[in-house]
Amino acid sequence: MGRTLLRHWPLLFLAFAAVVPTVALSNYQLFQLTMVAVYAVAILGLNIVTGFNGQISLGHGAFYAVGAYVTAIMMDKWGVPYWATLPVSALICACTGFLVGLPALRLGGLYLALTTFALAVATPQLLKYKLFEGWTGGVQGIVIDKPDPPFGLPINADQWLYLFSLAVAAVMFLLAANLVRGRIGRAMMAVRDQPTAAEAMGIDLAMFKTRTFAVSAMLTGIAGSLGAIAIQFVAPDSFAVFLSITLFVGLVVGGVASIGGTIFGAFFIEFVPNLAEQVSKAAPGAVYGIILIAFLFLMPGGLAGALRKLLRLA
Amino acid sequence: MDGLLHQVFSGLATGGIYASVALALVMIYQATHHVNFAQGEMAMFSTYIALTLIQAGVPYWWAFAITLVVSFAIGAVIQRVLMTPMANAPVLASVGIFIGLLLMFNSCAGWFFGYTLKPFPSPFGEGKPMLAGYLSRHELGSTAVTLAVLLSVWAFFRFTRLGLAMRAAAYNPASSRLVGVNVDRMLALGWGLAAAIGAIAGMMVAHVVFLEPNMMSGVLLYAFAGALLGGITSPMGAVIGGFVVGVLENLGGAYVVGAELKLSLALVIIVAVLVIKPSGLFGRTIVSRV
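Sequence order for the protein chains is A and B.
For the first sequence, position 277 matches number 276 in numbering that gives the first Met the number 0, and the numbering has no gaps at all.
For the second sequence, position 228 matches number 227 in numbering that gives the first Met the number 0, and the numbering has no gaps at all.
The shape of chain A in the complex, shown without the other chains (with noise of 0.2 Å):
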């Protein structure tokens, strides 16, 4: 009983994610957990790629815009229900992440972080541009409505928005978990860890380290499309190099390659900076600066890292 109970860990902490927030917290702390689901799922998506597959990506926060944009462009220019925005703004990211990847990862090392880099610091300047004022609304940025809850149902926007997100959550979850233990999960792992023999046992090095890129600018642009809808609001100074290393921090402080410590790096680049913010307006970066590199030094493997050892120990 007690082992059937562990095994199915993951369906309780969702069953207790999504009932007890819901009828316990206020709408501002529902808010908040769900910008953790969908920091979630983002730092999923940088998770796959730099993670799993090796490949350092330093402008996530690039493909989060771009999905938070395709979503408030459908809902507000045509109307489109928020939901149906997802699986477009998941086509155009993989689309953008493919077009991206292939130049940078056909020569590995390091020359994916810099394309990166340079397109996390470029990427507000290329929302404010002036021909595509006419649909990103240039600085002013869009404004969307919050969805009603549907059929009905007993609950208020902010409840159901949050039921929404984590559903969604919980499948990319199911998905990447599925996508990382099988065949191409181990194809990823090996082309991290031994390139050359990788490339021995028949795998395409460039083709298949730029199909993981697209993969993971998919599952993080379907976290900025949740992101719009969550705050009903995009404009491109939102979108900055911050976002892109706050991912990263949360990579490195969750646990890199590790499902599970995604989630933990989400809840930590969430409400750590606002309780650095009572400090200073620098201190969160300062405080991601330190921990960053405190992280690195003392706990390479995350917080995921540090609890499974602690759990060996015991």
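Because the hints were derived from the structure by calculation, they are not lab data.
Note that the Cβ used here is the ideal one computed from N, Cα and C, for glycine as well.
Each hint can be trusted.
To give a feel for the contact side, a few chain B residues facing chain A, derived at Cβ under 7 Å:
| no. | residue |
| --- | --- |
| 1 | V94 |
| 2 | N105 |
| 3 | G109 |
| 4 | W110 |
| 5 | S216 |
| 6 | L220 |
| 7 | F223 |
| 8 | L260 |
| 9 | L266 |
| 10 | I269 |
| 11 | L273 |
| 12 | V274 |
| 13 | P277 |
Distance condition first, Cα-Cα at most 25 Å in a straight line; then the derived PhoX-like pairs of lysine-lysine:
| no. | chain 1 | residue 1 | chain 2 | residue 2 |
| --- | --- | --- | --- | --- |
| 14 | A | K76 | A | K145 |
| 15 | A | K129 | A | K76 |
| 16 | B | K276 | B | K261 |
| 17 | A | K127 | A | K76 |
| 18 | B | K117 | A | K280 |
| 19 | A | K127 | B | K261 |
| 20 | B | K261 | A | K129 |
| 21 | B | K261 | B | K117 |
Following the hints, put chain B in place on chain A, whose structure we already have.
Frame of chain A, contents of chain B only:
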């Protein structure tokens, strides 16, 4: 035509700054195969140190010299304390540390000195434009300083024993150790030099773009583009690449994409180099033994 020449000249002036930062990046890349994402923020922080000294009444060139010494020390200490233990760690760890440093320098600068734009004095005076009106006094002066720096770095590596030892340590650490070169000390020295070169670039550019904690993010991006364009394995190439990127940026900003998209131009250059000639104009093609 006159306008074009003007753009080219001021492009060369900013290009000199990109060239310096690109050189600093390539120096560290050659020695350790790390790309220092914090190079720009370190330079920005050094510039704040210089401004603090100047405001305290230290004459400009004294402040300049003290800043160089302090920056050198900061760079060497970072190498000793943070990078040496991580020498054999996976790439993710070193990139993570650079990003951590970037965040720390950026927010410490904001914390200590504030986020408002600050004017930075120029040692060359405001004065009339020179060279038939193509360059301002500051542009001319900063280009001269940059060229002097690049030339002395070249001479240092080419003609001194220490420079030779540093090149050897970067090229083949194991053999250099066997002939008695202290490789760790050479690496620290390289980091210090790179930090000092970055500091000069920061002090020269601050008069143009004004000093604030995010001053260098654009410069760093252009320096990346310059280093890649010239070939990240070639210091000389990085310098030339920096100048070329400066000119391209100015011309592109003035005639093609407009000022709002200038940063994206760096991205375009980076992607174009990776697609067309990944080894850059002057770099070695890297062949790995399988």
